[in-house]
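Single-letter residue listing:
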Amino acid sequence: MLLAVDVGNTVISLGIYDQKELRAEWHVSADRRKTSDQYGLLFMSLLEHQGFQVSDVHAVAISSSVPPLVPTLEWMCQKYFHLKPLVIGPGVRTGVVIRYDNPREVGPDRIVIAAAAFEKYGGPAVVVDFGTATIFDAISAKGEYLGGIIAPGVAISVEALFQHAAKLPRIELVKPPSVLARNTVHSMQSGVIFGFAGQVDALVERLVEQLGGPEAGVKVVATGDMAEVLASETRSIQAVDPYLSLEGLRIIYERQRPKGEH
Amino acid sequence: MLLALDVGNTNVTIGLYLEDELVATWRLASSREETADEWGLQFLQLLKREGFRPQDVTEAAMVSVVPPLNARLVDACRRYLKVPLMELTSTHRSLPKIYYDNVAALGTDRLVNAVAAWERYGRSQGVPVIAVDFGTATKLECVSAAGEYLGGCIAPGIGISTEALARYAARLPRIELAPPRQVIGKNIVASLQAGIIFGFAGQADGLVTRLTQEIAPSGPAPMVVATGGLAHLVAAQSKTIRLVDPHLTLEGVRLMYWKNREPEDTWS
Chain X
1 MLLAVDVGNT
11 VISLGIYDQK
21 ELRAEWHVSA
31 DRRKTSDQYG
41 LLFMSLLEHQ
51 GFQVSDVHAV
61 AISSSVPPLV
71 PTLEWMCQKY
81 FHLKPLVIGP
91 GVRTGVVIRY
101 DNPREVGPDR
111 IVIAAAAFEK
121 YGGPAVVVDF
131 GTATIFDAIS
141 AKGEYLGGII
151 APGVAISVEA
161 LFQHAAKLPR
171 IELVKPPSVL
181 ARNTVHSMQS
191 GVIFGFAGQV
201 DALVERLVEQ
211 LGGPEAGVKV
221 VATGDMAEVL
231 ASETRSIQAV
241 DPYLSLEGLR
251 IIYERQRPKG
261 EH
Chain C
263 MLLALDVGNT
273 NVTIGLYLED
283 ELVATWRLAS
293 SREETADEWG
303 LQFLQLLKRE
313 GFRPQDVTEA
323 AMVSVVPPLN
333 ARLVDACRRY
343 LKVPLMELTS
353 THRSLPKIYY
363 DNVAALGTDR
373 LVNAVAAWER
383 YGRSQGVPVI
393 AVDFGTATKL
403 ECVSAAGEYL
413 GGCIAPGIGI
423 STEALARYAA
433 RLPRIELAPP
443 RQVIGKNIVA
453 SLQAGIIFGF
463 AGQADGLVTR
473 LTQEIAPSGP
483 APMVVATGGL
493 AHLVAAQSKT
503 IRLVDPHLTL
513 EGVRLMYWKN
523 REPEDTWS
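These protein sequence lines map, in sequence, to chains X and C.
Residue numbers for the first sequence follow my numbering, beginning at 1 and rising by one.
Residue numbers for the second sequence follow my numbering, beginning at 263 and rising by one.
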């Protein structure tokens with residue numbers, strides 16, 4: 001089985017694949033201070049808790065937005081899984097053509113997402129990935145990664161507001177009864193939920209325009225922690241796919257093997 | 263002359279008014295460390311640099327969202343300018359009617375924006391107004407044509423959100439907040455500029471559009487006025503913001519102070 005590891009700035013997502021089937025998935029905090037041994041024990045415990053054994057894992061694919069965690073996880077794979085992981089980065093045959101000023105500058109997570117979105121939904125497409133940053137990826141009709149837009153993420157923005165504004169409370173990120181709010185908590189919920197929905201719609205509409213306008217049939221897919229909450233408040237998001245990153249890691253992993261080999 | 267203070271979470275903005283004319287403005291960091299003496303000395307120095315004397319200041323009023331600073335500023339005005347500093351609160355006279363669950367809990371910074379937006383852009387024109395303040399938080403206030411405060415919303419501000427992103431995201435640089443040249447960013451800086459400038463314009467538009475549907479589903483469209491340090495940058499990309507008034511909050515402090523310095527029966 002394949003263990004897919006997507007390292008984000010705040011959370012690491014893990015998925016275990018039996019061929020194309022996602023059998024289980026987990027999330028752990030992306031802690032830069034944790035050692036290979038700590039990650040090894042953590043990953044093994046999660047697998048065992050779900051009834052898998054370390055020996056079931058015959059491959060690991062990693063994409064990381066946190067460069068310092070790559071060697072940590074490589075060591076972990078050697079020591080606990082006795083294998084060399086596939087780390088997505090320059091030189092890996094991903095099947096995604098990158099149209100960017102400097103292709104090496106593109107984060108591996110973007111390429112993984114682009115691979116999955118094009119394979120599952122076709123092109124042209126826009127992916128909205130709600131994480132530490134909200135990242136909008138533009139994918140051409142041919143599946144090329146065209147670049148995108150990066151905006152501050154929902155959760156970190158709300159946390160920053162709480163920390164900087166002496167009089168504002170921490171809030172739960174749920175939809176308020178109406179946009180027009182008449183107390184502080186509802187005011188903040190309204191500003192956050194409808195404000196970010198407006199941000200997404202405005203940015204997606206600009207990207208769709210660049211990808212050929214409404215006639216081009218651009219697919220708009222959302223993924224990430226806030227996708228479920230915000231998608232229904234936007235008019236631009238057509239589908240929510242929580243496993244896009246893990247799927248992309250599986251797809252790119254499969255592309256490394258010559259045809260016919262299993 | 264009136265010294266008007268807008269004490270925000272990031273900056274203290276100060277305006278000096280000769281009647282209704284704003285003759286000088288200054289901006290200081292909202293330092294939580296500075297003492298009353300340090301604030302007082304800064305006031306004296308700023309006034310002197312612009313050719314004013316301490317005794318030119320005959321009145322002072324403030325709106326504050328940073329309670330720990332209030333006593334020091336009151337003290338500074340009393341000892342260095344010899345004037346009492348009135349702290350405006352949401353229970354002072356402001357708009358003809360306020361619709362809010364608990365009026366005392368409505369931020370006075372929001373209320374002064376609502377007062378200024380209505381008095382300057384709504385009252386005589388007979389249209390509802392929406393004020394958008396791009397500060398530490400982005401705050402929107404809705405006022406009916408008749409001057410009723412209807413409610414609003416609060417979203418994370420541009421500066422703090424952008425700063426948080428640079429702090430949390432390992433691969434992302436700090437960038438200059440400038441309008442992007444392309445929509446599909448072909449490098450990280452361009453991608454971030456598009457996300458921030460187009461994104462926050464979209465955030466404001468999304469909120470204004472939804473608020474408009476609730477407050478004025480039919481009838482005259484609301485006048486949408488923006489203020490705050492980054493208002494110019496965002497307004498240029500916004501579809502709903504009609505004008506930028508950089509001193510809206512100070513105007514609100516002056517207008518609300520004027521409503522409260524006279525005895526109740528002369529208030530109109």
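Derived by calculation from the structure, the hints in this document are not laboratory data.
A few of these clues could be false.
To be verified - Straight-line alpha carbon distances no greater than 16 angstroms define the calculated EDC-like cross-link-like pairs of lysine to aspartate or glutamate that follow: (1) C/448 / X/105; (2) C/448 / X/101; (3) C/521 / C/282; (4) C/448 / X/144; (5) X/120 / X/205; (6) C/501 / X/205; (7) X/20 / X/254; (8) C/521 / C/349; (9) C/344 / C/282; (10) X/120 / X/241; (11) X/219 / X/119; (12) X/142 / X/119.
What the hints assert, rightly or not - Chain X side only, calculated, beta carbon under 8 angstroms to chain C, not exhaustive: (13) 101; (14) 146; (15) 157; (16) 181; (17) 184; (18) 187; (19) 236; (20) 239.
We put the beta carbon where it would ideally sit given N, CA and C, even for glycine.
A quick look at each hint next to the structure:
{"no.": "1", "hint": "C/448 / X/105", "result": "10 angstroms, holds"}
{"no.": "2", "hint": "C/448 / X/101", "result": "5 angstroms, holds"}
{"no.": "3", "hint": "C/521 / C/282", "result": "13 angstroms, holds"}
{"no.": "4", "hint": "C/448 / X/144", "result": "13 angstroms, holds"}
{"no.": "5", "hint": "X/120 / X/205", "result": "22 angstroms, violated"}
{"no.": "6", "hint": "C/501 / X/205", "result": "13 angstroms, holds"}
{"no.": "7", "hint": "X/20 / X/254", "result": "10 angstroms, holds"}
{"no.": "8", "hint": "C/521 / C/349", "result": "13 angstroms, holds"}
{"no.": "9", "hint": "C/344 / C/282", "result": "22 angstroms, violated"}
{"no.": "10", "hint": "X/120 / X/241", "result": "10 angstroms, holds"}
{"no.": "11", "hint": "X/219 / X/119", "result": "12 angstroms, holds"}
{"no.": "12", "hint": "X/142 / X/119", "result": "11 angstroms, holds"}
{"no.": "13", "hint": "101", "result": "4 angstroms, holds"}
{"no.": "14", "hint": "146", "result": "5 angstroms, holds"}
{"no.": "15", "hint": "157", "result": "4 angstroms, holds"}
{"no.": "16", "hint": "181", "result": "5 angstroms, holds"}
{"no.": "17", "hint": "184", "result": "6 angstroms, holds"}
{"no.": "18", "hint": "187", "result": "5 angstroms, holds"}
{"no.": "19", "hint": "236", "result": "10 angstroms, violated"}
{"no.": "20", "hint": "239", "result": "20 angstroms, violated"}
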